[in-house]
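Undergrad: Residue numbers (UniProt numbering), protein chains in the order written: chain A, 1 to 351; chain B, 1 to 351; chain C, 1 to 351; chain D, 1 to 351.
Please keep in mind that the hints were generated in silico from the structure rather than gathered at the bench.
Only a predicted model underlies this, so the values are computations on that prediction, with no experimental measurement involved.
One or more of the hints may lead you astray.
The list makes no distinction among identical chains, and a pair is therefore deemed to hold if it is satisfied within one copy or across any two copies.
The list that follows gives simulated cross-link-like pairs (lysine to aspartate or glutamate, EDC-like), each with its CA atoms no further than 16 Å apart [what the hints assert, rightly or not]:
| id | residue 1 | residue 2 |
| --- | --- | --- |
| 1 | Lys122 | Asp305 |
| 2 | Lys122 | Glu23 |
| 3 | Lys74 | Asp159 |
| 4 | Lys180 | Glu148 |
| 5 | Lys152 | Asp112 |
| 6 | Lys180 | Asp48 |
| 7 | Lys10 | Asp79 |
| 8 | Lys280 | Glu65 |
There are 4 protein chains.
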Amino acid sequence: MANVLILILKSDATEPQIQHVIERVESLGFGAHLSRGTFRTIVGLIGDEQRLQSEPLSAIPGVAEVVPVMPPYKLASLDAHPQPSVVDVGGVPVGGGQLAMIAGPCAVEEPDRMLRIAKAVKAAGANIFRGGAYKPRTSPYSFQGLGEEGLKILRDVGDACGMPIVTEVTDPRNVETVAKYADLLQIGARNMQNFVLLTEAGQANKPVLLKRGMSATIVDWLMSAEYVLAQGNPNVILCERGIKSFDPSTRNLFDVAAVPVVKGLSHLPVIVDPSHATGKPALIPPCALAGVAAGADGVHIEVHDEPEVAKSDGPQALLPDQYAEVAQQIRQLAALLGKSIAPLPASKASG
Amino acid sequence: MANVLILILKSDATEPQIQHVIERVESLGFGAHLSRGTFRTIVGLIGDEQRLQSEPLSAIPGVAEVVPVMPPYKLASLDAHPQPSVVDVGGVPVGGGQLAMIAGPCAVEEPDRMLRIAKAVKAAGANIFRGGAYKPRTSPYSFQGLGEEGLKILRDVGDACGMPIVTEVTDPRNVETVAKYADLLQIGARNMQNFVLLTEAGQANKPVLLKRGMSATIVDWLMSAEYVLAQGNPNVILCERGIKSFDPSTRNLFDVAAVPVVKGLSHLPVIVDPSHATGKPALIPPCALAGVAAGADGVHIEVHDEPEVAKSDGPQALLPDQYAEVAQQIRQLAALLGKSIAPLPASKASG
Amino acid sequence: MANVLILILKSDATEPQIQHVIERVESLGFGAHLSRGTFRTIVGLIGDEQRLQSEPLSAIPGVAEVVPVMPPYKLASLDAHPQPSVVDVGGVPVGGGQLAMIAGPCAVEEPDRMLRIAKAVKAAGANIFRGGAYKPRTSPYSFQGLGEEGLKILRDVGDACGMPIVTEVTDPRNVETVAKYADLLQIGARNMQNFVLLTEAGQANKPVLLKRGMSATIVDWLMSAEYVLAQGNPNVILCERGIKSFDPSTRNLFDVAAVPVVKGLSHLPVIVDPSHATGKPALIPPCALAGVAAGADGVHIEVHDEPEVAKSDGPQALLPDQYAEVAQQIRQLAALLGKSIAPLPASKASG
Amino acid sequence: MANVLILILKSDATEPQIQHVIERVESLGFGAHLSRGTFRTIVGLIGDEQRLQSEPLSAIPGVAEVVPVMPPYKLASLDAHPQPSVVDVGGVPVGGGQLAMIAGPCAVEEPDRMLRIAKAVKAAGANIFRGGAYKPRTSPYSFQGLGEEGLKILRDVGDACGMPIVTEVTDPRNVETVAKYADLLQIGARNMQNFVLLTEAGQANKPVLLKRGMSATIVDWLMSAEYVLAQGNPNVILCERGIKSFDPSTRNLFDVAAVPVVKGLSHLPVIVDPSHATGKPALIPPCALAGVAAGADGVHIEVHDEPEVAKSDGPQALLPDQYAEVAQQIRQLAALLGKSIAPLPASKASG
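Based on the provided sequences and hints, a complete structural model is requested.
TA: The following block contains the structure:
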């Protein structure tokens with residue numbers, strides 16, 4: 001059995017309070033290991049930590065602080081799965097040295113444009129095509145996406161090019177529909193703690209791309225992955241896309257250190273999205289390379305061939321030529337690190 | 001017609017780029033008002049700003065910066081409604097000098113305990129009873145709420161005490177069910193940008209309590225209110241409950257200045273939730289008073305009569321006696337400010 | 001002797017590593033109290049915690065985490081001084097129920113204007129007059145203050161009005177000079193961790209007003225107070241003036257909860273500065289009241305009679321009439337809380 | 001002449017207010033270019049922006065917002081110096097494709113250990129040796145550095161190895177002394193807005209390594225560089241070392257995007273310090289590579305041969321072997337990007 005939690009008691013905790021703490025801990029089925037000092041008494045809890053998640057231990061009178069010893073996520077942890085996971089996205093293996101190269105416009109637009117962009121990013125090295133059919137927009141007056149019509153366009157373009165596709169799902173009622181078309185279900189940053197949606201996505205039979213919330217700690221993020229994993233869906237790819245900070249120089253703050261932090265805690269693949277992290281085309285290539293240098297399992301970049309008329313997020317899109325240039329640099333950097341861009345699925349590569 | 005937006009061009013913008021900017025702006029149906037300088041050229045856009053929400057103006061070559069002149073929300077703004085709105089919550093008027101006093105446990109628990117707590121907080125001055133039937137928990141292994149059974153308990157307790165009730169809705173599929181039982185629908189901080197849920201709540205015929213997201217700017221928050229208002233539901237109460245910060249001294253960072261900031265931008269009532277903002281019982285009374293002193297239209301406080309066995313968030317609950325004490329101080333402070341605690345509905349006051 | 005620190009070892013810590021940890025701890029003169037579990041071993045350190053401040057315990061192989069049990073500050077803590085301290089500022093007692101009302105322009109300007117403003121704020125209830133002679137400005141091209149000439153003006157105006165004065169010191173070489181003129185030495189937010197300056201200020205025979213740094217945790221802040229206290233100067237007043245956050249709605253984020261947090265950790269008086277915290281005149285009165293409601297021992301507000309020509313920070317200054325109005329509200333609120341505005345020194349009140 | 005600033009007036013600005021704004025602007029020697037709209041009036045200011053730094057324009061009645069068009073820094077900007085600057089550090093050229101490799105322990109310790117570490121990092125590829133003689137410590141009870149004795153040790157070790165040296169200066173009274181020994185003067189993060197110290201450093205005849213403050217925006221940082229440049233010292237190297245954030249996973253938040261942001265605004269070299277940015281040895285190599293991939297002009301890493309007895313920051317030091325490994329990877333990555341590690345000075349290389 002293990003020390004799973006330490007209670008640090010208040011310096012003025014009374015003897016009856018200490019006894020009550022011990023009784024309370026034991027009533028929960030845990031062993032209590034007491035260590036008294038002049039100023040502070042410490043209680044180590046011994047037992048099965050899973051059962052402690054809901055217990056309000058810090059509300060027990062006399063308790064000053066609760067120090068967890070074990071991480072609160074299980075299935076996402078390296079303890080559960082010491083080797084890096086490789087997630088299959090429509091035939092493209094992501095993780096374990098093989099990089100996802102996700103590219104495409106922010107929103108699904110008309111079929112011709114989509115096909116044109118898909119061919120361009122595929123030629124440049126992209127292996128998963130993206131586009132939003134359901135767009136979570138800050139303003140109710142902004143373009144909200146083409147809906148299922150957009151899913152069909154995206155699927156057709158993916159099939160025509162032999163590329164798996166990824167698209168965002170925003171509504172638990174749409175998970176089944178989106179899963180019918182897409183190879184990879186994206187949960188956006190604003191929905192990272194939409195636990196209802198996570199639970200539905202965990203029950204779909206498609207892998208999930210889980211973006212980090214703008215104010216989520218890395219532990220929060222892994223807990224959200226745990227929601228999907230706990231439903232029996234082991235195929236989660238994490239995506240760092242910038243967090244909130246005080247400097248308006250960039251749209252968000254690209255937390256590149258999150259990549260090696262995650263690698264030290266979890267077996268799940270983790271990719272980076274420098275498009276949303278920075279919001280500025282000039283910053284996307286250097287941050288894409290930074291992400292790969294830090295150990296990311298892939299890069300998500302928005303590409304549009306005419307940003308000034310894009311339906312969504314045009315100002316942060318790379319042009320196809322700019323994408324081709326950074327993709328080439330990523331390929332070289334990957335080689336230096338003993339990695340490579342994941343191959344397209346053989347059966348579809350003819351597309 | 002109005003200047004609705006200013007484009008600041010790059011210092012090296014070429015003459016053809018400037019011409020292209022003008023053509024592009026005019027093709028969108030806007031007038032362009034050019035002001036040239038040695039270093040920078042500025043273009044003022046004149047027209048109907050509503051139509052600009054989706055246009056990627058900063059993606060036009062030569063544009064350095066886009067400076068909005070008008071706020072992106074309309075219905076939530078003081079321009080749309082210069083007087084403070086008063087929202088009726090099951091007969092309790094919130095806003096315009098009358099304070100909401102929302103109190104109750106984090107999660108709905110067994111009926112006896114709920115009734116006991118409701119009676120205690122009502123006696124102390126609370127006018128809306130709260131309890132969560134659907135709990136968004138960071139961990140999939142934590143207690144997730146009693147669901148519809150919890151709604152029934154809450155309704156029964158509210159009716160027995162003559163208090164309107166508020167409870168959180170987390171799933172767009174449940175909005176109708178929750179609206180059947182509750183007088184006020186809470187949208188939690190983690191769902192503040194769950195636009196699917198906001199849209200559903202906007203179509204329900206019950207007022208909405210919209211908590212501020214942990215990384216939401218005040219403009220983001222008002223834009224989320226706009227989602228509800230744009231569906232035809234004018235009854236939104238905002239709730240400041242702390243934002244993310246770097247100091248672990250408190251669970252979140254209580255942004256008390258948000259209260260007067262909102263008052264300067266919007267007609268919607270805004271209340272404070274010191275329970276979630278601070279996460280520590282000792283900090284709740286001073287922060288509750290601070291919120292009222294800053295002009296809040298009410299206070300949301302979690303109360304439990306046995307925090308150490310609470311199903312959720314026990315460590316941050318006030319005891320009924322502690323609540324009675326702070327409620328009394330709020331009453332005095334309100335009087336000093338020319339305000340008062342909103343009365344319970346007459347028809348129910350006998351309960 | 002006391003448990004002063006807990007070491008949580010890595011889950012894969014080897015037996016030789018555990019032995020090495022114990023030897024290392026004992027070689028530092030501490031007792032080691034070992035608690036083994038299946039997954040984790042925990043070591044409690046017993047001894048004099050003061051000696052641990054510099055020891056790199058987390059660098060010992062096998063150590064996963066170091067959990068301090070005692071706060072790192074001593075003289076600033078309630079353990080050292082359980083009753084609230086009252087700091088005498090040129091005859092005005094600050095703390096223990098008596099409020100500092102610090103008011104005046106950002107920078108010292110010409111004598112006539114200074115005298116005019118001083119008389120106005122004194123009439124409104126201010127008991128300490130402020131003005132900056134050495135201004136730390138973000139831009140090297142901005143007005144940097146009048147220097148010693150400004151100190152003289154401030155002293156003369158203070159004497160003429162019978163008010164103690166406070167002014168900022170920014171250079172360790174000037175501490176003696178500033179202490180010659182001022183009754184209270186202000187250390188600004190940007191210098192909160194200028195340990196050289198703190199040490200000099202600790203050796204001056206004047207009380208110190210220590211503003212919180214924009215990215216300082218409350219513990220960092222108390223550690224900076226400890227620098228002053230450790231030099232033998234027990235007279236420190238803390239001042240919350242806003243921290244960095246992501247929302248540009250306000251200049252800084254006013255952390256009103258810092259007031260009760262400090263009260264729970266330290267005996268030092270703590271005041272609030274809503275002028276710098278918000279940067280907008282309309283927000284200053286509500287935030288001043290919020291600070292007092294939360295338990296602050298005073299309020300620092302910038303006042304100027306002609307903000308549009310002020311030498312520094314004009315846009316955030318209150319007009320004398322606006323100050324008089326909020327001062328009156330503070331007086332009433334203080335009475336409600338059983339407090340009062342501290343009286344001016346008797347010998348000077350005739351001024 | 002140029003549009004240097006835009007004033008956006010309030011929607012309810014009166015005609016007399018508008019006239020007053022124009023008079024005020026003209027009295028400051030600026031031209032006013034008025035653009036009226038139905039909702040908002042905009043005033044463009046034309047003239048020499050340098051003179052505007054201190055003017056409280058937003059305090060003029062009727063002004064809603066002040067939008068600067070030109071950056072507030074001049075000498076640091078690309079306008080002043082369109083080509084990347086190369087800073088000579090004791091014969092080592094930093095910038096323009098040549099990387100600084102700064103390495104050494106946090107604090108200067110005994111001579112033998114210093115020499116041992118210097119030789120090891122030099123063999124691995126380091127070209128500037130570091131060590132702190134004056135340590136700014138959060139706690140007054142921590143080791144504060146060896147002072148001038150430390151400077152001598154550092155100088156001797158640098159001479160013995162033929163490496164230039166860098167050390168921190170914390171006190172304006174010590175700048176001359178530190179400049180006598182060191183080839184590069186470090187201004188630490190906590191002193192980034194210690195304008196007194198910046199001014200002194202600007203008058204020293206040695207280059208300055210300016211670390212970014214923990215809550216400094218990139219514009220704040222460039223303004224602090226401007227303080228040094230404005231004194232006539234053109235040799236400033238910027239160093240990103242992590243900013244404050246809400247996630248305790250890392251000591252600070254490594255803002256790798258700051259590197260390309262700075263490159264787009266300034267000619268000054270910018271290096272990264274993954275040691276302080278992350279605080280954890282396992283994260284230093286991936287973040288060092290990320291920094292170089294993003295375009296940094298060098299890497300600052302703390303190295304100690306016995307971290308568990310280090311006098312300061314032992315827990316975040318790399319061992320010499322770990323440093324050699326990451327230095328080799330940096331060398332390869334630099335080659336891929338068409339850069340190289342800057343050579344040691346020829347005259348000293350024999351050392």
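Undergrad: Would you list, in rising numerical order, the hints stated earlier that this structure does not obey?
TA: Violated: hints 2, 3, 6.
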